[in-house]
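Undergrad: Listed below, chain by chain, are the residues.
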Amino acid sequence: MRYLVTLKVIAQPDGPPPSDLMEAIFKLGQEATEAGSMLDNSGLAPSSEGARIEVSGGRLTVSDGPFAEAKEMISYALYEVRTKEEAVEWAARFMKLHRDLWPGWEGEADVLRLFTPEDFAPPA
Amino acid sequence: MTAAESHRVVEAVWRIESARVVAALARMVKDLALAEELAQDALVAALEEWPRKGVPDNPGAWLTLTAKHRAIDQFRRRDTYQRKLQEVGRDLELRQESAEAELDDALDDHIGDDLLRLIFTACHPELPAEGRLALTLRLLGGLSTAEIARAFLVPEPTVGQRISRAKRTLADRRIPIELPPPAELPGRLASVLEVIYLIFNEGYAATAGQDWIRPSLCQEAMRLGRVLAGLMPAEPEVHGLLALMEIQAARIPARTARDGSPILLLDQDRSRWDRLLVRRGLAALRRAEELGTLGPYGLQAAIAACHARALTAQATDWERIAALYRLLAHLTPSPVVELNRAVAVGMAYGPERGLEIADALIGERALRGYAHLPAVRGDLLAKLGRAGEAAAEFRRAAELTGNERESALFLRRAAALSA
Chain Y
0 MRYLVTLKVI AQPDGPPPSD LMEAIFKLGQ EATEAGSMLD NSGLAPSSEG ARIEVSGGRL
60 TVSDGPFAEA KEMISYALYE VRTKEEAVEW AARFMKLHRD LWPGWEGEAD VLRLFTPEDF
120 APPA
Chain S
0 MTAAESHRVV EAVWRIESAR VVAALARMVK DLALAEELAQ DALVAALEEW PRKGVPDNPG
60 AWLTLTAKHR AIDQFRRRDT YQRKLQEVGR DLELRQESAE AELDDALDDH IGDDLLRLIF
120 TACHPELPAE GRLALTLRLL GGLSTAEIAR AFLVPEPTVG QRISRAKRTL ADRRIPIELP
180 PPAELPGRLA SVLEVIYLIF NEGYAATAGQ DWIRPSLCQE AMRLGRVLAG LMPAEPEVHG
240 LLALMEIQAA RIPARTARDG SPILLLDQDR SRWDRLLVRR GLAALRRAEE LGTLGPYGLQ
300 AAIAACHARA LTAQATDWER IAALYRLLAH LTPSPVVELN RAVAVGMAYG PERGLEIADA
360 LIGERALRGY AHLPAVRGDL LAKLGRAGEA AAEFRRAAEL TGNERESALF LRRAAALSA
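Line by line, the protein sequences are chains Y and S.
Letter 38 of the first sequence, counting from 1, is numbered 37 in numbering that gives the first Met the number 0, and no numbers are missing.
Letter 164 of the second sequence, counting from 1, is numbered 163 in numbering that gives the first Met the number 0, and no numbers are missing.
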C-alpha cells in the first residue's frame, strides 16, 4: 500500500531549523529508505515561488503564490508499506523529531492512501 | 486508544523493527532459533505493556532491550551457557546503566552488519530453496507463518515445517551467523539474490492457481532488494536485481484485464505503467552500470528498461534487446534465455530468423513441458502465415501451462487462427 505524507507548518519560531533537527530528519529518511519503505520524498519551496489555478463559478483563474492560508505545505514523502499503521508510525517518528528538537514549532502531517490497481479490481 | 488499535500499532512497529531486533539478538546469542524466540517474547511483552503504558519513544530499542533481558534470564538458567552469560551479561549490565540513547547508538553501529549476517544466513546455499524463502520472509520480512502460507498457497504447517527444518539444518551443520569470507562472497550473494528474485517471481507470475499476480510478495521482494541495496551499495548486481524487479513491477497495473485475464507486454496500455517504479528502476540500473559491468540481473534489467523507455510498443528497440539477450546467453547460457532471444530476433530481424532460433530448441530436455516454447513458435509461425501449425502450437501451450488464465489466452489465440 502506498501512502503520501504531507507536512504542513502551523507555527514556527524565527530563524532556520536547528541543525540537530535537520540531521535527525536526514537520518530518519535514510533509515526509512534503507528499510525499503520510503520511495520518494522532497522538501517544497515556499508557495511564493508557486502558483494556483482555480475553477470557480465557471471561471478559471491563475494566480501566483504565496497562498493566503495559514498552513504552508513544506514537504512530502511517499511510502510503500504493508499497513496504514506502518505509514502512521513513520510519520509519527518524523513529527516526534520536530516536537523534541524544535521547541515552539507546530504543524501537522496528513497520511493519505494512494489508490492502486487493486482498488479497481473486478469483484472476485 | 482501543485495545485493537494499539495492537495494530504494535504490529506496525514489529514490521518495521523485527528484522533488526532478530539480527541484533542473533549476534548476541549466536543462535537463530533462540534469537527469534527471544524476539517473539519481546513482541508478546510489547503487546501486554504498550496498550497500558503507551508506545515507547524508541520502540525498536525497547524491543531489543527487552529481548536481551530475556536472553540473560535464559542464560542464567542454563549452565551450558555460562560462558556466554559472562560475555553477554557483563556487556549488557554495563550498558543498562547508560542512557537508552547510548544503547541505541551502539545498536546502530552494528545494525547494518547484523542485518547482512542475518540475510546471508537465512539464504545459506546449504538450505533447500523453499526453506530459504520461508526463513527469509519470516526473519527479514517479519511475516507470520500464516501469512507466508497464504502467499505461497500451501498449508500453514508446511511452512512451519520448512522454517523449523531450515533452522535445524543451520544448527546441526554448525553454520555460523557470519558474513561470508571475501572469496565466497560472489557465490553467497548470488544465493541471496536468487532468494529475493524467487520471492518476487512467486508473486509476479504465479505458475499455479487462478491468481495471475500476488502483488504483496512482489512488494516484499522489492523491499528486501531495497534493504540489500542500502546494505551493499557497491554491488552492481544488487542494484541490477532491484532495477529488474521495479521495472517489471511497474507493469503490474497494466498486466491484467478487467475480467482478470492477462495482457501481454506488447498489448499493454503503457499509460497504466507505474511511472514512479519505472523511474526508480531506471535509476537503479544506472547505478549498476556506473559500478561496473552488468551481471545477469543487470542485463535483464537493461532489457526490461528497453521496454520501459519505449512510449509505444512500436518504438521498442528490438535490436538492442536482441543484442542484450546475446550477452545474457553468453553469461548464463540457458534454453529459456535463448527462447527469449528468439522472440527479440524475430521482432528485430523478422519472424523467420526468430523461428530458426526457436526451432533449434525443440529437442531441449530443459524445455520439455515448458509452455512458452510452443507459444513462441506459435506466434512466429502465425506471423509467417502458417496458421494451421501455429494453432496447433498454441493448443499445445495451453495444455502445458499450469496457469488457468494463461491457458485461456493460448486457447483464444488458437481459436482465432483456426477461424
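Note that these hints are calculated values from the structure, not bench results.
Heads up, some of the hints might be wrong.
[Unchecked claim] Derived DSS-like pairs (lysine-lysine); straight-line CA-CA distance at most 25 Å:
id, chain 1, residue 1, chain 2, residue 2
1, Y, Lys83, Y, Lys95
2, Y, Lys83, Y, Lys7
3, S, Lys382, Y, Lys83
4, S, Lys382, Y, Lys95
5, Y, Lys70, Y, Lys95
6, Y, Lys26, Y, Lys7
[Said to hold, decoys possible] Simulated restraints, written as ranges between beta carbons of each label pair:
id, chain 1, residue 1, chain 2, residue 2, range
7, S, Ile262, Y, Asp39, 38 to 48 Å
8, S, Ala282, Y, Ser74, 13 to 23 Å
9, S, Gly384, Y, Arg58, 27 to 37 Å
10, S, Ala282, Y, Gly103, 33 to 43 Å
11, Y, Thr82, S, Gly259, 17 to 27 Å
[Stated by the list, open to error] Far from chain Y, some chain S residues (derived; all Cβ distances over 10 Å):
id, residue
12, Glu10
13, Arg14
14, Pro175
15, Gly186
16, Glu193
17, Gln218
18, Leu230
19, Pro252
20, Asp266
21, Leu275
22, Thr311
23, Leu360
24, Ser406
Glycine included, each C-beta is placed from N, C-alpha and C at the ideal position.
Undergrad: Is the hinted pair Y:Lys83 and Y:Lys95 satisfied, with a Cα-Cα distance of at most 25 Å?
TA: It holds: about 18 Å lies between the C-alpha atoms, which stays within 25 Å.
Undergrad: Take the C-beta atom of Y:Thr82 and the C-beta atom of S:Gly259, compute their distance, and say whether it sits inside 17 to 27 Å.
TA: holds, 26 Å
Undergrad: Can you let me know if the beta-carbon spacing of S:Ile262 and Y:Asp39 is within 38 to 48 Å?
TA: Cβ of S:Ile262 to Cβ of Y:Asp39: about 27 Å, so the range 38 to 48 Å is violated.
Undergrad: That 27 to 37 Å hint for S:Gly384 and Y:Arg58 (C-beta), does it hold up?
TA: violated, 59 Å
Undergrad: For the pair S:Ala282 and Y:Gly103, does the Cβ-Cβ distance stay inside 33 to 43 Å?
TA: At roughly 38 Å between Cβ atoms, Y:Gly103 and S:Ala282 fall inside 33 to 43 Å, so the hint holds.
Undergrad: Minimum C-beta separation from S:Ser406 to chain Y exceeding 10 Å: can you confirm that?
TA: Its Cβ never comes within 10 Å of chain Y, the nearest being 19 Å, so this holds.
Undergrad: Going by Cβ atoms, does S:Thr311 stay more than 10 Å from chain Y at every point?
TA: About 21 Å separates S:Thr311 from the closest Cβ of chain Y, which puts it past 10 Å; holds.
Undergrad: Take a quick look at S:Leu230 and tell me if its Cβ sits farther than 10 Å from every Cβ on chain Y, holds or violated.
TA: S:Leu230 is in fact no farther than 10 Å from some Cβ atom of chain Y, at 7 Å.
Undergrad: Taking the minimum C-beta separation from S:Leu360 to chain Y, is that value above 10 Å?
TA: holds, 34 Å
Undergrad: Does the no-contact call for S:Pro175 survive, Cβ to all of chain Y over 10 Å?
TA: holds, 25 Å
Undergrad: For S:Ala282 and Y:Ser74, compare the CB-CB distance with the range 13 to 23 Å and indicate the outcome.
TA: For Y:Ser74 against S:Ala282, whose Cβ atoms are near 20 Å apart, the range 13 to 23 Å holds.
Undergrad: The output says S:Leu275 does not contact chain Y. Does that hold with a beta carbon cutoff of 10 Å?
TA: violated, 6 Å
Consistency note: the structure conflicts with the earlier hints numbered 3, 4, 7, 9, 12, 13, 17, 18, 19 and 21.
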